[in-house]
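Engineer: Residue numbers (the numbering used here), protein chains in the order written: chain L, 1 to 294; chain S, 295 to 523.
To be clear, the hints were calculated from the coordinates, so they are not data collected in a lab.
Some hints here could point you the wrong way.
[Said to hold, decoys possible] Derived lysine-lysine pairs resembling DSS-like cross-links, with alpha carbons at most 27 Å apart:
{"hint": "1", "chain 1": "L", "residue 1": "Lys-64", "chain 2": "S", "residue 2": "Lys-481"}
{"hint": "2", "chain 1": "L", "residue 1": "Lys-58", "chain 2": "L", "residue 2": "Lys-46"}
{"hint": "3", "chain 1": "L", "residue 1": "Lys-74", "chain 2": "L", "residue 2": "Lys-247"}
{"hint": "4", "chain 1": "S", "residue 1": "Lys-498", "chain 2": "L", "residue 2": "Lys-186"}
{"hint": "5", "chain 1": "L", "residue 1": "Lys-64", "chain 2": "L", "residue 2": "Lys-144"}
{"hint": "6", "chain 1": "L", "residue 1": "Lys-46", "chain 2": "S", "residue 2": "Lys-320"}
{"hint": "7", "chain 1": "L", "residue 1": "Lys-46", "chain 2": "S", "residue 2": "Lys-487"}
{"hint": "8", "chain 1": "L", "residue 1": "Lys-46", "chain 2": "S", "residue 2": "Lys-497"}
{"hint": "9", "chain 1": "S", "residue 1": "Lys-498", "chain 2": "L", "residue 2": "Lys-64"}
{"hint": "10", "chain 1": "L", "residue 1": "Lys-46", "chain 2": "S", "residue 2": "Lys-481"}
Each chain, letter by letter, is given below.
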Amino acid sequence: GGGSGMSGKEGSGGFRKRKHDNFPRGQKREEKENVTPSSALMTSFKSFQLEIDTRHDKYERLVKLSRDITIESKRTIFLLHRFISAPNGEEILNESEVKLDAVRRKIKQVAQELIGEDVYQFHRAISPGLQEYVEAVSFQYFIKTRSLISVEEINKQLIFTAEDREETTNTTSSSHDKQPHTWSLKITPVDYLLGVADLTGELMRLCISSVGNGDIDTPFELSQFLRQIYDGFTFIGNTGPYEVSKKLYTLKQSLAKVENACYTLKVRGSEIPKHMLADVFSTKTELIDDDGLP
Amino acid sequence: MSVSDMFIALQGVLTADQDIREDIRKVVQALEQTAREILTLLQAVHQGTGFQDIPKKCQKAREHFGTVKIQLDSLKTKFPADQYYRFHEHWRFVLQRLVFLAAFVVYLESETLVTREAVAEILGIEADRERGFHLDIEDYLSGVLTLASELSRLAVNSVTAGDYSRPLRISTFINELDSGFRLLNLKNDSLRKRYDGLKYDVKKIEEVVYDLSIRGLNKEATPGVGGEK
C-alpha cells in the first residue's frame, strides 16, 4: 500500500514499516480516513458538521447584531445626556427617537434570525445588546415622562411586521414563505431588570450634571425616583439571578450620591447664589466621576 | 403602573421561575440516581469474570432505561415545552451521561455507534427540536466522547482477561470515531475540550494493539489484522 512511499520522507531509517503502522501520527491519520469514507458513521458526522456550523454561524451573526445594538444604544444615551444643557430639548428628543428607531431595526433583524428557533438557545448572544437597549429606551422615557417604562411597554415596540422587506436582506431566504406576518422579540424580565439597574447609573450622572447647570428641581425628583427603583430591587432581593443582586451594590452607591447631592443643595442651596452652584459641585463631580461609572 | 407595582409583578415572575427550577432539580436528581445504577451495572464488564455475560448485563441495563424514560417523561411536564434551552443547564450533565450509557450498551451489544435517533428512542425523547423535548447535538457528541474513553479502558481490561481480539475491533471503531470528529468545526467550548481528550484514547488503544501485534497475539483470535468485522 502507501507504506513504501512514506518511508523515504520519514528520515529515521532505523524504524521498520510495521512499527509505523502501530504508532500512527501524521501519515497514518490520512490513511485512517480512507478506511471507510462513506460509512454510516461518517455520513452522520457530515450532517453533524452542517448542523453545528449552521448553529455557530447564526450565533455569530447574532453576536454582531447585539454589538451594533449596544453601540447605537450607548450613543443614544450620550445624546440624551445633552438634553438638560441644550436649549433645544425637543430637537434632541427627536434625534434620540430616530436613533432608537435604528436600534429597533437591528432588533428586528435579531427577531428574524430567531424565527422558528428557541430564543433561549441564543440568548447569551443577544442579551448584552438588549440590556443596553432597555437602558437607552428607559432613559428616554424617563426624560419625557419622569416615570419608569414597563417591560410590557418596551415589548410593545418590539413587534414587527413583514411590511418593509427591504431591510431584511441579511436573513435566510429559505424561510421567507413560511414567515408569519408579524413577529416579536420579548425582553426577558431579567434583561429588563439589568437594563433598569444600569439606567440608575445614567440617572445619577444626569442628577450631577443638572446641578451643575443650576437646575435645583431635577435632583430632588431624581432622588425620589431612584429611591423607588432601589426599593423595588430590594423587594426582589435574591429571588432573581446572581447578576441582579450584584447590581444592587452599584445601585446603592448611585442612590447615595444622588441623596448626598440633594442634601448639599438643601443645606447650602439657600446660601449660595444660583449661578455659583455649578462651582460648588464642580469639585464634587470629579470625585463622583472617579469611581465605578460604566 | 407605579414603580413598586412593576417590581411586585417582576418578583412574581422570578418566583415562578424559581419554582420551576426547583421542580426540575428534583427530577434530575432522580435521573442521576438511575444513571449511577446503570453505570454500576455496566462497570462489571471491566472485571475478568464480567466478560462472559455481557449480553445479560446489557439486558438488565435496558430494563433500567425504562425507568429513565418515565423520569424524562416527568421532566418534560415541569416546564413549558418551548423553553428547553432556558433550563437546559439543569439536565445537560445527566443527559450526556445517559447518552454515554446508552451508547455503551449498544456498543457492547452490536459494536456499532448508536445513532442520535436511536439514543433518543432509548431515552424516550425526540431527536428533533421541533418535535418536543429533544437531545441536543452537543450533548449527544459529549456522550459519545465519554464512550471513547470507556472503550480505551475496556481494551486494556480485555487483554488482561485474555480477550485479544476485542482491542483490535475497538481500535477500528475509535479510529473511525476520530475521523468523524475531525470533520467537525468545534468552537472553543466544553465539547471542544472533551474532544481534545479523544486523541489520548486513540493513542492508548493503539499502544494496546501494538503490544498485541509484536507478540503475535492478535493473530490468535482474528485471521486478518485490523478487524474487518
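Engineer: Now tell me, hint by hint, if it's right for this structure.
Structural biologist: Structure-based check of each hint:
1. Between L:Lys-64 and S:Lys-481 the alpha-carbon distance is near 17 Å, which keeps this suggested pair within the 27 Å criterion.
2. Among the hinted pairs, L:Lys-58 with L:Lys-46 is consistent with the structure: their alpha-carbon atoms are about 19 Å apart, no more than 27 Å.
3. For the hint pairing L:Lys-74 with L:Lys-247, the CA-to-CA distance comes to about 19 Å; that is within 27 Å, so the pair holds.
4. For the given pair, S:Lys-498 sits about 50 Å from L:Lys-186 by alpha-carbon distance, which is inconsistent with the 27 Å threshold.
5. Between L:Lys-64 and L:Lys-144, the direct Cα distance comes to roughly 31 Å. Violation of the 27 Å bound is thereby established for this hinted pair.
6. For the hint linking L:Lys-46 to S:Lys-320, the alpha-carbon distance of about 37 Å lies beyond 27 Å, and the restraint is violated.
7. Between L:Lys-46 and S:Lys-487, the direct Cα distance comes to roughly 20 Å. Compliance with the 27 Å bound is thereby established for this hinted pair.
8. A C-alpha spacing of about 24 Å is found between L:Lys-46 and S:Lys-497, which places the hinted pair at or below 27 Å, so the restraint holds.
9. With a C-alpha separation of about 42 Å, the suggested pairing of S:Lys-498 with L:Lys-64 is violated against the 27 Å cut-off.
10. Pair hint L:Lys-46 plus S:Lys-481 holds up; C-alpha atoms about 16 Å apart against a cutoff of 27 Å.
Hint compliance for this structure: hints 4, 5, 6, 9 are not met, and every other hint is.
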